[in-house]
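Next come the chains, spelled out residue by residue.
There are 2 protein chains.
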Amino acid sequence: MNIEDKLKPLREQIDALDAQILVLLNRRAEVAQEVGHVKAETNAPVFRPEREVQVLRKVAENNPGPLQAGDVQTIFREVMSACRALEKRVVVAYLGPAGTFSEQAVYQQFGHSVEGMACVSIDEVFRAAEAGTADFGVVPIENSSEGVINRTLDLLLQTTLNISGEVSMPVHHSLMTKNGTMDGITRICAHSQALAQCNAWLNQHFPNIERIAVASNAEAARMARDDASVAAIAGEIAAQTYDVLIVHAHIQDDPHNRTRFAVIGHLQTNPSGKDQTSLVLSVQNKAGAVYKLLSPLSTHDVSMTRFESRPARTGAWEYFFYVDVEGHEQDENVAKALAELKQNAAFFKLLGSYPFSL
Amino acid sequence: MNIEDKLKPLREQIDALDAQILVLLNRRAEVAQEVGHVKAETNAPVFRPEREVQVLRKVAENNPGPLQAGDVQTIFREVMSACRALEKRVVVAYLGPAGTFSEQAVYQQFGHSVEGMACVSIDEVFRAAEAGTADFGVVPIENSSEGVINRTLDLLLQTTLNISGEVSMPVHHSLMTKNGTMDGITRICAHSQALAQCNAWLNQHFPNIERIAVASNAEAARMARDDASVAAIAGEIAAQTYDVLIVHAHIQDDPHNRTRFAVIGHLQTNPSGKDQTSLVLSVQNKAGAVYKLLSPLSTHDVSMTRFESRPARTGAWEYFFYVDVEGHEQDENVAKALAELKQNAAFFKLLGSYPFSL
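Here the protein sequences line up with chains A and B, keeping their order.
Taking UniProt numbering, I'd label the letters of the first sequence as residues 1 to 358.
Taking UniProt numbering, I'd label the letters of the second sequence as residues 1 to 358.
These aren't lab readings, by the way, just hints derived from the structure by calculation.
Treat the hints loosely; a few may be bogus.
Just so you know, same-sequence chains aren't split out, so a pair can sit in one copy or run between any two.
Pairs of lysine-lysine, PhoX-like flavour, derived with a Cα cap of 25 angstroms [unchecked claim]:
hint: 1; residue 1: Lys349; residue 2: Lys336
hint: 2; residue 1: Lys6; residue 2: Lys39
hint: 3; residue 1: Lys6; residue 2: Lys349
hint: 4; residue 1: Lys88; residue 2: Lys292
hint: 5; residue 1: Lys88; residue 2: Lys8
hint: 6; residue 1: Lys8; residue 2: Lys274
hint: 7; residue 1: Lys39; residue 2: Lys8
hint: 8; residue 1: Lys88; residue 2: Lys6
hint: 9; residue 1: Lys58; residue 2: Lys342
hint: 10; residue 1: Lys349; residue 2: Lys58
hint: 11; residue 1: Lys8; residue 2: Lys342
hint: 12; residue 1: Lys342; residue 2: Lys39
hint: 13; residue 1: Lys292; residue 2: Lys6
hint: 14; residue 1: Lys58; residue 2: Lys6
hint: 15; residue 1: Lys342; residue 2: Lys6
hint: 16; residue 1: Lys349; residue 2: Lys88
hint: 17; residue 1: Lys336; residue 2: Lys8
hint: 18; residue 1: Lys8; residue 2: Lys58
Sequences and hints are given; from them, build the entire structure.
Spelled out as structure tokens, the structure:
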């Protein structure tokens, strides 16, 4: 019996299963259309991040195998995207150009059955979502090499939009120089975070070359282009942008380094069961004021997962504090903590509650 | 009855369907694993492009709706990718950096359950696939703005690899200048193909500005960066690379403009039912020699779909001709035509037979 004869009955089984799956997928789509009709009666939103994330968590939990849970989630993300597209092909603005990580972040959140809208700036992404030209926007918010994206934080302060979801994408650091070798290199430049993230690798491979923290990895790549004694650590895309050559790819100590994107829109996301809440606060600058301000969190047993400070431009207060906490604003303990925070803060803005990314 | 009460039974139906789909997907994966065991006995390849394209064509044909055929194909591409990953996570080399169209082309061919390997040059992609570091490579072969990718054509001439598939991705042209406006612009520069592809739009919007064909769109973007009187037409990514600003996005007359990528590997793809065959020929440079050389194609009723000539560096012949024809090398008429072509050509190399991209 040759291999094709052995494979034929198995392939027939697969084809029969595919036919069944195809029927069920379309039956699912029909029910999703009914959901759409119900929603249309009350102008309820087509995209419900908390519902989609619940479905994805459920299929991963119930997955009997042998398929891997993550791969099953990728399939169901596309299933939901295709069903959603029958009601409305959701339009998502992102920081262009097309063909970059930002576009991939759009697909990771919404599946491929969406309409991506490449914008030339973060400001334009916000405008498109605020004006309704796009249903949602996807903006970078924190980058393990560049730190927080200041422009996004500033715009979040003013916008009427909510954060309705987050996307997290893997990030890699590479070592790059003008001529693609380490000959004659006396300094390795990068953002301090990137230097820290490649610390073990650098100690092992180039323990004797001086490391210098600069404003950003892009700045480091620019320096490497203009100075043959400088090596830069930056993302691969910087090598292309600044016309330098990669000496070693993927040198970060933690291969799970990630960039976070915020999904912004008019939508207020309902609780999914595993959520976080982002807010901005400020306080008059007195010693200890910040710690006192945040005390309602511990009082109500709310964990803080992120804390960023950012100079205010107004002069009225010295800093804005960007805080992420575990839980949804509708959770009782979170609601109480937020109410107290608001009372004591000179400035308070809730940015949104949304599911933790998968 | 409020909206959540109306949605609840529908969501329960969806959850029940998802549970059934999940079971069938895993049953499919089990059969795919059996396929893997049969293949392992004879070292048969895990990835069979002709089989996958047949499955995708079949689900599109049999799709009862309401889901759109293209969206159903996206779902099944991920299903096959996830099943394949149980046997082996296929490693695919591509022209990096990560986060570009080349990476997206990998996912479009293989689904997301693969291991992408970003390479710094087209040469390195070929090397990785030749050495077996990667199972396949994905290289750009033809670009509607830059024409053919010469380096890929040159490497195809020498490689022991076959073309085992193709991927086609949409391409957009944008108009860009140093300061983001058309004030003071006296020339619009681009590759001649890009100028042609934006002809109607340019006639309508800027009929009186001189158009100048340059070597490539990247060159045009570089000129725009250095000269405030020049506007360039190029892909959005060039605006980022050359630090110029987009004035108008997506100005190409045909929104279906595409870039082609070749999938290269040791695999010889079997017939899928709708295939093409790529080959390279040369002939001594006599008047009419090319036309005479190609006559076996018409004799055996084989349609030529693409014809590119490229100067040979050897000096022994004047040109290499890159020819694509309809049909598979195993088809009787194609096999006869190829045998005759080979007999008459000074140089003949079969690059591979593979399915038309979806």
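Consistency of the hints with the structure:
1. Lys349 to Lys336: Result: close within a single copy only, 15 angstroms intra versus 74 angstroms inter.
2. Lys6 to Lys39: between (50 angstroms within a copy, 9 angstroms between copies)
3. Lys6 to Lys349: The answer is neither: 64 angstroms in one copy and 33 angstroms across copies each exceed 25 angstroms.
4. Lys88 to Lys292: neither (47 angstroms within a copy, 55 angstroms between copies)
5. Lys88 to Lys8: between (40 angstroms within a copy, 21 angstroms between copies)
6. Lys8 to Lys274: between (45 angstroms within a copy, 20 angstroms between copies)
7. Lys39 to Lys8: Intra 46 angstroms, inter 12 angstroms, cutoff 25 angstroms: inter-copy only.
8. Lys88 to Lys6: between (44 angstroms within a copy, 20 angstroms between copies)
9. Lys58 to Lys342: Neither, since 35 angstroms and 58 angstroms both go past 25 angstroms.
10. Lys349 to Lys58: Result: close neither inside a copy nor across copies, 33 angstroms intra and 52 angstroms inter.
11. Lys8 to Lys342: Result: close neither inside a copy nor across copies, 67 angstroms intra and 35 angstroms inter.
12. Lys342 to Lys39: Classified as neither: same-chain Cα gap 33 angstroms, cross-chain 64 angstroms, threshold 25 angstroms.
13. Lys292 to Lys6: neither (72 angstroms within a copy, 45 angstroms between copies)
14. Lys58 to Lys6: between (36 angstroms within a copy, 21 angstroms between copies)
15. Lys342 to Lys6: neither (69 angstroms within a copy, 36 angstroms between copies)
16. Lys349 to Lys88: Classified as neither: same-chain Cα gap 31 angstroms, cross-chain 49 angstroms, threshold 25 angstroms.
17. Lys336 to Lys8: Classified as neither; 63 angstroms inside a copy, 29 angstroms across copies.
18. Lys8 to Lys58: The answer is between: 16 angstroms across copies meets 25 angstroms, while 34 angstroms in one copy does not.
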